[in-house]
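Those protein sequences? They're chains A and B, same order as listed. Heads up: the first sequence runs through residues 1 to 590, numbered per the UniProt record's numbering. Heads up: the second sequence runs through residues 1 to 217, numbered per the UniProt record's numbering.
Take the hints with a grain of salt, since some may be wrong.
[Claimed, not checked] Taking beta-carbon pairs under 10 Å as the criterion, some of the chain A residues facing chain B (in silico):
#1 Glu214
#2 Ile539
#3 Gln541
#4 Leu542
[Stated by the list, open to error] Taking lysine to aspartate or glutamate and the DMTMM-like style, the derived pairs with C-alpha atoms no more than 25 Å apart in a straight line are:
#5 Lys385(A) - Glu26(B)
#6 Lys386(A) - Asp94(B)
#7 Lys217(B) - Asp351(A)
#8 Lys388(A) - Glu139(B)
#9 Lys93(B) - Asp203(A)
#10 Lys461(A) - Glu528(A)
#11 Lys70(B) - Glu513(A)
#12 Lys16(B) - Asp173(A)
#13 Lys461(A) - Asp525(A)
#14 Lys457(A) - Asp90(B)
#15 Lys93(B) - Glu365(A)
#16 Lys385(A) - Glu60(B)
#17 Lys103(B) - Glu365(A)
#18 Lys68(B) - Glu206(A)
#19 Lys68(B) - Glu204(A)
#20 Lys93(B) - Glu206(A)
#21 Lys93(B) - Glu204(A)
#22 Lys509(A) - Glu586(A)
#23 Lys386(A) - Glu60(B)
#24 Lys386(A) - Asp120(B)
#25 Lys388(A) - Asp120(B)
#26 Lys386(A) - Asp90(B)
#27 Lys70(B) - Glu390(A)
#28 Lys48(A) - Glu513(A)
#29 Lys388(A) - Glu117(B)
#30 Lys460(A) - Glu531(A)
#31 Lys385(A) - Glu139(B)
#32 Lys70(B) - Glu586(A)
#33 Lys68(B) - Glu390(A)
#34 Lys188(B) - Glu139(B)
#35 Lys388(A) - Asp90(B)
#36 Lys68(B) - Asp203(A)
#37 Lys16(B) - Glu204(A)
#38 Lys460(A) - Glu475(A)
#39 Lys388(A) - Glu60(B)
#40 Lys68(B) - Glu365(A)
In short, the hints are calculated from the structure, not lab data. In this text the structure is predicted, and so the values were computed from the model without any measurement. Every residue, glycine too, gets a C-beta built ideally from N, C-alpha and C.
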Amino acid sequence: MSSDYEFSDDDGDYYDDGDMMDTQEDEDDDEMMGSYDDFKITPKGKHKSYEVEYESLSQDAVEQLMSADVEHICGIFGVDRDAALLLLRSMSWNKERLIEKYMDNATSVLCAAGIQVPEPTPETSRPHSTTARRSTRSTNKFLGLSSASKPKSPTPPAATSPKSFVCPICFDDSPDLTTRALVCEHQFCTGCWATYICSKIRDEGEHAIRCMAEGCHIIAPDTFVRTVLSSEDGDPEENALALSRFHELVVRHFVASNASLKYCPYPGCTNTVSCPSASSKSSLILMVPTVSCGARGIGGQSVSASQVLEKGGGLGIQAKEHKFCFGCPIDGDHRPLICTVARMWIKKCRDDSETANWIKSNTKECTNCLSTIEKNGGCNHMTCKKCKHEFCWVCMGPWSEHGTQWYSCNRYDEKAGIDARDAQSRSRASLERYLHYYNRWANHEQSAKLSIDLYAKTEKKMEDMQVTSALTWIEVQFMKKAVEEVDKCRMTLKWTYAMAYYLAKGNEKDLFEDNQRDLEKAVEDLSELLESPIEPETIPQLRQKVTDKTVYVQNRNEIVLEDTANGFLEGRWKWNAVVEGFDEPERLEY
Amino acid sequence: MDARLRRVTREIADCKNDKTSSIKIETIDESPFHLKGSFPGPEGTPYQGGNFEIDIVIPESYPFQPVKMKFITKVYHPNVSSASGAICLDILKDAWSPVLTLKSTLISLQSLLCSPEPNDPQDAEVAKHYMTSKASFEETATYWTHIYAGGPGSKDAKQLNSGDDVAIAGLEHTHVDRFVELGFPKAKVVDALRRLNYRGNNIRNIPDDRVIEELLK
Ligand SMILES: [Zn+2]
Ligand SMILES: [Zn+2]
Ligand SMILES: [Zn+2]
Ligand SMILES: [Zn+2]
Ligand SMILES: [Zn+2]
Ligand SMILES: [Zn+2]
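With the rest of the complex left out, here is chain B (with noise of 0.2 Å):
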């Protein structure tokens, strides 16, 4: 049997007969190199209580090459990409090892919830967010928990069609109707503030002026 088959088998089989770990692998179709990953989201996180889904594609020379995986569970993390799901984790790049396992590195992924690292982002917007209002940027990180990684009261949120667009970009309802009121459409004044991070103390730093001109490019 070729060695990369033979291990990741041996992965996906230890995984399951692990009944203790949160951590699940499991295939999609017949391909055993491309798989889904699953853990719980960290207790004590903006996380908390959402399943977050993983995309796991594993590389013809792994494991001596790097296993490719992203996000396929939206998720509101600095270094996740909110559009892509792609990851900044240096385990995942040059800090490979191949010791390291499927099983390890979903473990590493779901510290990476737990730490966010801002200071080397996936998503610039989300970091600066986390950077200028931790408390805003974990209510944006629960509320979107809660309509995309299935977390308490998704159902509801769910059924309300796809949430509150202002909710998901971060941003407050007050501070997107004032721009509204002077005409612009709604999608793109939540766009416009949520690339100039008009959140918290942030807001100080700009000016209507400068939200206006971003309206109209």
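Next comes chain A alone, as it looks inside the complex (with noise of 0.2 Å):
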């Protein structure tokens, strides 16, 4: 929420806003930047230097933009919805290449994406792999499917219930059981449908679900999944979940296939941001796109802005909007260092510390998406569940390089050794340096972790104020204002550590550390005051006190911010490493 970087000097205006933002939010969190947009001083439209335009989108929302393609795919190809579903996933979404390809071959879009039965060649057997165990009652019918006719996914076949049928997977044999197949006739009991069908989505996340037989490439259209999951077999309650995952993980990966949107991080939000300025590469060596998605809470309880007024205050405090960064998988508001010379930091922090034990952890993170990976079983070969992401788990190099290049694997021990020659010659002034910054970042990261003491202690003095003085729940609201700015300028901080760290030696690494340099001591200020012992009799002079401290931290921080930014439009800020996107450094430091 970009404004609250709006401080007015007014405070009894600013809790106003505060108020009515909150309710506003609560009420349409789709025209979030609509509303938010009265309140703000700037005109509309127009941003700070620090900040980009995006728009919050709900899961609805983003199902609607999802239905506008496959009705549009519909049209063109004649197909029906679970057809044209299957075909842009298939295609993740890219309808120009999709509409080329089906225009060439029809048939070989459709057996790709899974909706056909290709025709069969001698060679279909893979290495390794036992011949699949065909059901007896499996028949050639939909093999001759033409490609001239019109493909349809099967409406979802009733559950039949064929004679003397043993299942190949649960090897019932009863008379009663009813059967489910996709258009291949691969033929199942209803019950091992709903428990594959559930296990997919919910140990794989995967809403590509192939038919059961071994071999197979079809793929359950959604009306299947959706007849099965709401089918009697299976335990209700886990089917009704199933089913709500799988619209979220096609959700997701329309979310995922388009540049312009990404998917709110936080855990249990199911939120959407688009923010097409910041959909290239190069876009982000420009600017660092912080966004909200317009929910606030943690741990799938966002909690609305209603309930916050009404238990006094205490959750509000704690329950943070959803900031997170779109151009790159870091935690939370990076400003004002760009996401790579972000990462470039977190990369350092994290092999300096962990060399030794690197190879034999047995977590690592995902080199594509950063989530974290349990290694499980022992092959090297890693797919990451997220992102589809496949590395080697020993160089963590992309596995696509070991198709040939298997042997480049070695690159751990090189790694290793080039690592360990490297810290043999480090001097003794370059570690310096590195801790210097380090221990600094890592403060600020510390007490922002802490603040959630600070949280509970100012409420607990907020309280406290209402009782001793005569001020009410709104008025002393000062203090939970003063809390936030000192967690957000704490992150700053942090962050203008890790740019310092990687900026060229020079007037502007000068001036930047002038910068920094006021706004923490600022911030410490604020802190400090914010710690002190309330006396009832003081408190008028206190409000004021905080109060103005804040709108001067604010505006620190808003000089920080701003001028960073501006930087890096200019392309004023100079590296003392190769940074991509940017002109080689003059000189390295190391």
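Build the complex from these two chains, which are given one at a time in their own frames, with help from the hints.
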């Protein structure tokens, strides 16, 4: 919520804004941008240089976007919604490519999308795999599906009860067993289908659910998944959960396929942010696209603003907005430092502390999406469950490079050797240089983590104040505001240390560090004030002092953010290390 | 009865009843979900004559999620980790289908021994060995079968403690000795030469300096 920065000098006004904003947010999340703009000092559509224009979308809103694409494809190809959905999903929602490929060879596109059974070819069997155990009831009826006919995914087949059928999975042969099959006609009992689909969705987060027969590439269309999960088979509660997760997975896939959309990374949140101006890699060297999905709260228990007010603000102070970076997977707001350099810093901090047990650890982060991956079983060919990135556990390099050049897997050994040699020759001075920045960075991070305590303490003080003075709940909000401001500025400060570590020596860096110093001093002053004991008779003065200092801190923060952001737009920042998208540094510092 | 238990019990029984098959599945303890499988090494391969034991763990959502298998018996093969026995095989991962059984999966492992896939290796060093010098690779694989899988002549080898570490690493005594004579400990030399794939034609690509550098690490 960018409007947090618009802090008017008249605090009475400000608090009204805050309350109205919260109520507004509760009422219409979708119109977030519109409603907030009313409270902004800056004219509509204009952003500060460190802000980016974006829009927050609910899952329903994204589903509407998807629907539009689906309708479009239905109209052009004359296929049903199920088929259109599978086609779009198989092409990562790239309509243009889909249309082109489909016009070129509809059959092969339909087969690749798992909608149609391919003509049998002699060498379909894969090495080291036993041949598919086909159901005795399978027929070739659908194998001859002509490409000229309008491909329709099968209407969800009514569960049938064939005679003398043994389910090849559960070995159940009871006469009243009901079965289902996809277009490929591979029959399985309805119970097995339900368990299988649930497991695929729940355990693997998979939305492209293949037929259960070995080597069969037919994919269950949405209607089939919905029919199975709303039938009597299996645990109704599990099924309902799986079905809603399935919808979410399809939406996530759509969002992930679209460079100008990003799913809110907060656990349990299903909102999406649209930010076309940050959709290209080149835009990310000019700005930091910090966005917010419009919801608040953590752990799937998003709280509404009205709840916050009812509970006397207790939750309000902790229910943080879902702020994240549109350009990279780093948690929270890493302004003013751009994504690439912020990631370089994080990687550096991690490598330096973990080189020793790097290879031995059982969890690693996916090199693509940074989600944590646990090694399961022992095979080094890893596939990230979240983004499907395939990589090598040993060297963390992409698996695609291992296909023909598997020997690059020795990179780990070599890397360890280079690191060790570097460590020996690394001069004391440069280590101290790193530690200088690192300690300050870590300190602000630590303080931000402890802010939960500060929030709790402040809340207590706010309650006391209402008892010992004539101030109302609304009037003691200045404390809350101050704590929030301190927290936010510590975040800025934290990243300025990472930035300063990589900034090339010179005037620009000196000015940057001057601004950093002023902000740091202001933040520490305000922090101290917040920690000081409260005397009932001096509350009015305290209120004035805290409010003044909050405004000052906010201005200092504004200066750092604004100046750094302008520096990126003007190409003013020079680095002491190689940074993608920037000129080579004049001299390297290690 | 729980569906997973019913299916596993049935699979074990089917396997027991099939007298013609060489694939065996047995329980290790009370748990029906932690099993041991075994099969003979395929004829006409370096694994011939060996008996290969597999650790089988049946996950909660079996057969909808793949069974977990790894070699208990040490085996020298590009798709099997020589250290941990972990296996790189598509059907144990994304190509798994619930119609596959423990037995059919064990048969797939057996056929994996016949047809290594060095382009999708689990053990990169073994794969390198396989790619650069197939004859030498087969010699080492045969030796491993002898000393670890109870292949022909294994008794003698076992009695002579744990076998010959130079042969286990797939190296030549003459090569190892050359560097040992320079004063490096034998274990270190074996380790370095194995890492460098100091075998067959590849030796030409590895100057002595490179070996020394590796030894000094
Ligand atoms: Zn069944
Ligand atoms: Zn099928
Ligand atoms: Zn969110
Ligand atoms: Zn970022
Ligand atoms: Zn990933
Ligand atoms: Zn690798």
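So, going through the hints one by one against the coordinates:
1. Glu214: It holds, given that the least Cβ distance between glutamate 214(A) and chain B is near 4 Å, below 10 Å.
2. Ile539: violated, 59 Å
3. Gln541: violated, 64 Å
4. Leu542: This interface hint is violated because 58 Å lies over the 10 Å limit.
5. Lys385(A) - Glu26(B): Distance ~33 Å between lysine 385(A) and glutamate 26(B) Cα, so the pair is violated.
6. Lys386(A) - Asp94(B): holds, 14 Å
7. Lys217(B) - Asp351(A): holds, 20 Å
8. Lys388(A) - Glu139(B): Cα-Cα ~38 Å, so violated.
9. Lys93(B) - Asp203(A): Answer holds: lysine 93(B) to aspartate 203(A) is near 13 Å, not above 25 Å.
10. Lys461(A) - Glu528(A): holds, 14 Å
11. Lys70(B) - Glu513(A): Violated, because 56 Å separates the two Cα atoms, which is more than 25 Å.
12. Lys16(B) - Asp173(A): holds, 21 Å
13. Lys461(A) - Asp525(A): holds, 18 Å
14. Lys457(A) - Asp90(B): Violated - the C-alpha atoms of aspartate 90(B) and lysine 457(A) are around 56 Å apart, more than 25 Å.
15. Lys93(B) - Glu365(A): holds, 20 Å
16. Lys385(A) - Glu60(B): Given that 25 Å is the threshold and the Cα spacing comes to 18 Å, the pair holds.
17. Lys103(B) - Glu365(A): Between lysine 103(B) and glutamate 365(A) the Cα gap is close to 35 Å, so the pair fails against 25 Å, i.e. violated.
18. Lys68(B) - Glu206(A): holds, 20 Å
19. Lys68(B) - Glu204(A): Roughly 16 Å between the alpha carbons, so the hint for lysine 68(B) and glutamate 204(A) holds.
20. Lys93(B) - Glu206(A): holds, 14 Å
21. Lys93(B) - Glu204(A): The hint holds at about 11 Å.
22. Lys509(A) - Glu586(A): Within the cut-off at roughly 15 Å; holds.
23. Lys386(A) - Glu60(B): Given pair lysine 386(A), glutamate 60(B) holds - Cα atoms ~21 Å apart, limit 25 Å.
24. Lys386(A) - Asp120(B): With a Cα-Cα distance of about 22 Å, the restraint between lysine 386(A) and aspartate 120(B) holds, given a limit of 25 Å.
25. Lys388(A) - Asp120(B): holds, 18 Å
26. Lys386(A) - Asp90(B): Given that 25 Å is the threshold and the Cα spacing comes to 19 Å, the pair holds.
27. Lys70(B) - Glu390(A): Within the cut-off at roughly 21 Å; holds.
28. Lys48(A) - Glu513(A): Holds. Lysine 48(A) to glutamate 513(A) sits at ~22 Å (cutoff 25 Å).
29. Lys388(A) - Glu117(B): Roughly 22 Å separates the two Cα atoms, so the pair holds.
30. Lys460(A) - Glu531(A): holds, 12 Å
31. Lys385(A) - Glu139(B): violated, 39 Å
32. Lys70(B) - Glu586(A): violated, 53 Å
33. Lys68(B) - Glu390(A): Answer holds: lysine 68(B) to glutamate 390(A) is near 20 Å, not above 25 Å.
34. Lys188(B) - Glu139(B): holds, 22 Å
35. Lys388(A) - Asp90(B): holds, 15 Å
36. Lys68(B) - Asp203(A): It holds: about 15 Å lies between the C-alpha atoms, which stays within 25 Å.
37. Lys16(B) - Glu204(A): violated, 33 Å
38. Lys460(A) - Glu475(A): holds, 15 Å
39. Lys388(A) - Glu60(B): holds, 23 Å
40. Lys68(B) - Glu365(A): Between lysine 68(B) and glutamate 365(A) the Cα gap is close to 23 Å, so the pair holds against 25 Å.
Hints 2, 3, 4, 5, 8, 11, 14, 17, 31, 32 and 37 from the list above are not met by this structure, while the remaining hints are.
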